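Using the sequences plus the hints, can you model the full thing?
Protein chains in written order, with the working numbering: chain A, 1 to 130; chain B, 131 to 260; chain C, 261 to 390; chain D, 391 to 520; chain E, 521 to 650; chain F, 651 to 780.
Derived by calculation from the structure, the hints in this document are not laboratory data.
For clarity, every value in this text was computed on a predicted model and none was experimentally measured.
Relax, there's no trap hidden among the hints.
Cβ pair distances, simulated, as ranges:
(1) A581(E) / K395(D): 42 to 52 Å
(2) S227(B) / E359(C): 38 to 48 Å
(3) K564(E) / D11(A): 30 to 40 Å
(4) E650(E) / D161(B): 54 to 64 Å
(5) K694(F) / A484(D): 18 to 28 Å
(6) E535(E) / R17(A): 26 to 36 Å
(7) P517(D) / S262(C): 16 to 26 Å
(8) E535(E) / D21(A): 29 to 39 Å
(9) Y399(D) / A191(B): 19 to 29 Å
(10) P420(D) / A581(E): 53 to 63 Å
(11) A484(D) / V679(F): 31 to 41 Å
(12) K353(C) / S663(F): 29 to 39 Å
(13) K93(A) / K564(E): 19 to 29 Å
Here are the simulated DSBU-like pairs of lysine-lysine, each with C-alpha atoms no more than 35 Å apart in a straight line:
(14) K314(C) / K704(F)
(15) K47(A) / K5(A)
(16) K704(F) / K613(E)
(17) K265(C) / K133(B)
(18) K133(B) / K174(B)
(19) K307(C) / K263(C)
(20) K483(D) / K393(D)
(21) K704(F) / K307(C)
(22) K525(E) / K564(E)
(23) K133(B) / K307(C)
(24) K697(F) / K263(C)
(25) K393(D) / K93(A)
(26) K653(F) / K694(F)
(27) K54(A) / K3(A)
(28) K47(A) / K743(F)
(29) K393(D) / K54(A)
(30) K434(D) / K393(D)
Cβ coordinates follow ideal geometry from the N, Cα and C atoms, glycine included.
Protein chains: 6
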Amino acid sequence: MSKPKPIEYADASPEVRAVFDDIMTRRNVPDVNNFWKYLANDPKTLKRTWESLKDVMAPGALDPLVKEMIYVAVSVTNNCGYCIASHSASAAKAGMSPEQFAELMAVVGMANETNRLVNGYRVPIDPQFE
Amino acid sequence: MSKPKPIEYADASPEVRAVFDDIMTRRNVPDVNNFWKYLANDPKTLKRTWESLKDVMAPGALDPLVKEMIYVAVSVTNNCGYCIASHSASAAKAGMSPEQFAELMAVVGMANETNRLVNGYRVPIDPQFE
Amino acid sequence: MSKPKPIEYADASPEVRAVFDDIMTRRNVPDVNNFWKYLANDPKTLKRTWESLKDVMAPGALDPLVKEMIYVAVSVTNNCGYCIASHSASAAKAGMSPEQFAELMAVVGMANETNRLVNGYRVPIDPQFE
Amino acid sequence: MSKPKPIEYADASPEVRAVFDDIMTRRNVPDVNNFWKYLANDPKTLKRTWESLKDVMAPGALDPLVKEMIYVAVSVTNNCGYCIASHSASAAKAGMSPEQFAELMAVVGMANETNRLVNGYRVPIDPQFE
Amino acid sequence: MSKPKPIEYADASPEVRAVFDDIMTRRNVPDVNNFWKYLANDPKTLKRTWESLKDVMAPGALDPLVKEMIYVAVSVTNNCGYCIASHSASAAKAGMSPEQFAELMAVVGMANETNRLVNGYRVPIDPQFE
Amino acid sequence: MSKPKPIEYADASPEVRAVFDDIMTRRNVPDVNNFWKYLANDPKTLKRTWESLKDVMAPGALDPLVKEMIYVAVSVTNNCGYCIASHSASAAKAGMSPEQFAELMAVVGMANETNRLVNGYRVPIDPQFE
Numbered sequence: 001m002s003k004p005k006p007i008e009y010a011d012a013s014p015e016v017r018a019v020f021d022d023i024m025t026r027r028n029v030p031d032v033n034n035f036w037k038y039l040a041n042d043p044k045t046l047k048r049t050w051e052s053l054k055d056v057m058a059p060g061a062l063d064p065l066v067k068e069m070i071y072v073a074v075s076v077t078n079n080c081g082y083c084i085a086s087h088s089a090s091a092a093k094a095g096m097s098p099e100q101f102a103e104l105m106a107v108v109g110m111a112n113e114t115n116r117l118v119n120g121y122r123v124p125i126d127p128q129f130e
Numbered sequence: 131m132s133k134p135k136p137i138e139y140a141d142a143s144p145e146v147r148a149v150f151d152d153i154m155t156r157r158n159v160p161d162v163n164n165f166w167k168y169l170a171n172d173p174k175t176l177k178r179t180w181e182s183l184k185d186v187m188a189p190g191a192l193d194p195l196v197k198e199m200i201y202v203a204v205s206v207t208n209n210c211g212y213c214i215a216s217h218s219a220s221a222a223k224a225g226m227s228p229e230q231f232a233e234l235m236a237v238v239g240m241a242n243e244t245n246r247l248v249n250g251y252r253v254p255i256d257p258q259f260e
Numbered sequence: 261m262s263k264p265k266p267i268e269y270a271d272a273s274p275e276v277r278a279v280f281d282d283i284m285t286r287r288n289v290p291d292v293n294n295f296w297k298y299l300a301n302d303p304k305t306l307k308r309t310w311e312s313l314k315d316v317m318a319p320g321a322l323d324p325l326v327k328e329m330i331y332v333a334v335s336v337t338n339n340c341g342y343c344i345a346s347h348s349a350s351a352a353k354a355g356m357s358p359e360q361f362a363e364l365m366a367v368v369g370m371a372n373e374t375n376r377l378v379n380g381y382r383v384p385i386d387p388q389f390e
Numbered sequence: 391m392s393k394p395k396p397i398e399y400a401d402a403s404p405e406v407r408a409v410f411d412d413i414m415t416r417r418n419v420p421d422v423n424n425f426w427k428y429l430a431n432d433p434k435t436l437k438r439t440w441e442s443l444k445d446v447m448a449p450g451a452l453d454p455l456v457k458e459m460i461y462v463a464v465s466v467t468n469n470c471g472y473c474i475a476s477h478s479a480s481a482a483k484a485g486m487s488p489e490q491f492a493e494l495m496a497v498v499g500m501a502n503e504t505n506r507l508v509n510g511y512r513v514p515i516d517p518q519f520e
Numbered sequence: 521m522s523k524p525k526p527i528e529y530a531d532a533s534p535e536v537r538a539v540f541d542d543i544m545t546r547r548n549v550p551d552v553n554n555f556w557k558y559l560a561n562d563p564k565t566l567k568r569t570w571e572s573l574k575d576v577m578a579p580g581a582l583d584p585l586v587k588e589m590i591y592v593a594v595s596v597t598n599n600c601g602y603c604i605a606s607h608s609a610s611a612a613k614a615g616m617s618p619e620q621f622a623e624l625m626a627v628v629g630m631a632n633e634t635n636r637l638v639n640g641y642r643v644p645i646d647p648q649f650e
Numbered sequence: 651m652s653k654p655k656p657i658e659y660a661d662a663s664p665e666v667r668a669v670f671d672d673i674m675t676r677r678n679v680p681d682v683n684n685f686w687k688y689l690a691n692d693p694k695t696l697k698r699t700w701e702s703l704k705d706v707m708a709p710g711a712l713d714p715l716v717k718e719m720i721y722v723a724v725s726v727t728n729n730c731g732y733c734i735a736s737h738s739a740s741a742a743k744a745g746m747s748p749e750q751f752a753e754l755m756a757v758v759g760m761a762n763e764t765n766r767l768v769n770g771y772r773v774p775i776d777p778q779f780e
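Below is the structure:
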């Protein structure tokens with residue numbers, strides 16, 4: 001096994017193409033982005049991930065923009081460069097303004113800071129939060 | 131230095147009490163929660179953290195509920211038990227419904243999963259995200 | 261395999277006892293702490309970890325207090341409760357004052373915050389740092 | 391919102407320039423590094439972060455070199471490439487020798503290893519650390 | 521929204537019971553464990569997670585014991601106490617010996633250590649690994 | 651201290667060369683990879699790490715392929731790019747098939763997802779796992 005390589009539509013199996021087609025149709029884009037091309041190395045995981053993502057990111061009790069910002073918050077905390085880039089783009093597409101991005105970053109930064117202050121000071125949970 | 135201990139209002143310096151008073155007034159609560167009592171061991175960090183938090187979590191381009199949910203998303207990703215408990219409570223107070231919490235968790239879970247698929251497959255950033 | 265259990269000196273093999281003896285002698289304590297009793301389930305890892313730790317934590321270009329504070333910084337970042345407790349105790353024993361602990365926490369908090377601001381804003385490395 | 395871009399001094403608002411000027415004066419450098427130029431997209435976070443950092447990293451109970459090494463320890467644990475590069479440079483400027491860097495890395499490595507041994511063996515906190 | 525509570529079979533909807541029944545049948549256990557009872561607060565995520573887990577953890581190119589050990593490795597790295605406990609139990613049920621657990625822990629520890637040495641020394645990827 | 655630089659065999663001390671020789675002999679390769687060249691800046695850590703790695707990764711209760719896959723699982727969770735690249739290569743050399751890699755990734759992804767669902771729902775450990 002060498003370094004994973006992307007699978008382009010032209011080289012994809014019917015099973016993979018079916019997923020790619022669904023992504024392109026629903027997102028109204030002419031091609032899928034790299035995440036899906038690499039995941040296509042494992043058609044089962046490709047299909048399961050796409051079905052899950054469609055389900056999880058659909059409008060529901062939270063609107064798509066909020067969901068994309070939560071995705072960015074997690075990706076920034078984990079330092080996943082690709083995920084930060086792609087979900088920042090999705091959030092922007094869903095309407096995130098520069099001011100909203102700035103506040104998102106400020107909250108993510110603060111949360112990462114206070115999470116550690118809590119750890120270091122070994123703060124016990126207050127009874128009212130139990 | 132033994133295990134950090136909380137500083138109660140009755141034992142606090144005027145400097146610490148000033149912060150505690152501001153927290154109690156703004157949140158309309160009869161006492162501050164443990165995070166602040168432990169942080170009071172370092173009055174400078176207590177004051178700076180409270181001032182920053184007031185600023186960062188205030189309504190702005192994002193509403194307070196969205197900010198609290200982002201705080202929960204980061205705390206869940208980092209597994210900070212205290213922070214999950216206290217910010218879930220804050221989010222609930224800001225109006226988070228059980229359905230919104232459920233969707234928040236689903237997004238946080240998915241993001242943590244796909245962050246690792248991206249890492250493992252070594253997915254390069256698409257030009258359109260640069 | 262059920263939940264790991266500690267191995268007490270009385271029940272330990274000669275191989276494990278030799279490590280326990282060395283720990284107790286060097287630290288001048290009447291018993292080893294839980295970390296070593298649990299690690300004793302794997303005598304090879306017990307011995308390797310103790311030998312490495314002796315080596316790494318010995319006074320060198322950095323003094324033992326600085327090394328213990330670095331240990332705490334990492335443990336707080338990773339939220340390892342046991343490690344925070346035990347290495348805070350070791351740092352205190354090595355002379356850490358409450359003021360030093362407070363500054364340590366403040367730096368760890370800030371670093372965790374700015375690490376994420378850097379990730380989110382996708383800041384490229386300046387040429388002078390390369 | 392496209393990919394964040396740096397704000398150069400020439401294009402900065404008076405508010406941002408005031409922060410940049412303070413950074414350049416205090417650090418005695420002809421320009422600020424990328425972190426500040428990107429953060430300048432959010433003048434409020436720029437100002438708050440700079441004020442906090444000045445405060446937290448100032449000489450106190452811990453000297454600046456120790457603080458910079460703690461910053462590096464956290465950044466290495468979180469794998470923030472930019473932060474490792476910039477704070478290694480700051481630490482070097484504050485006097486860190488290659489031998490000190492080598493010991494810092496060894497401690498950070500060991501702490502990350504033993505943090506996980508503790509997690510996996512589910513080691514309970516000894517009464518003397520409580 | 522108060523603290524999440526488990527949903528017991530007796531109180532579960534038909535939709536949740538169907539998942540619980542499938543878990544109990546396939547695992548041949550008289551009750552599901554807490555993870556599923558808490559996830560039952562969100563029937564959609566419950567069902568999706570169970571279907572995914574069945575799929576991902578099934579025997580395939582890797583046998584179930586190896587998969588459970590990988591699960592433990594990730595959970596130890598993330599310090600998820602519940603996950604360490606439950607997947608250590610699953611691994612044991614799948615045949616993991618105490619010697620295998622010991623070696624698993626040693627590898628997880630080393631990997632977490634060398635991951636950070638790589639970060640700190642800023643090691644570039646060798647051409648043969650690209 | 652500037653950015654760490656690799657130490658090539660030609661420029662290495664006898665102490666470093668001894669480790670390099672052992673690595674090249676045991677792995678039957680004409681040169682060591684970058685990790686070792688950078689670690690050679692600290693001959694003591696170089697030697698200790700190599701001795702530990704030889705010990706930990708040797709065939710034992712777990713075979714080398716399983717150990718390499720565990721290494722990849724940790725490195726993917728931590729997002730250590732170099733480590734993912736080098737240990738994916740080692741796993742491939744030890745016999746990992748593309749199907750095994752795909753299943754490894756799927757398990758690592760799921761584990762990272764469910765770890766967070768557990769955190770967010772604050773799931774208590776079942777008595778049978780204690």
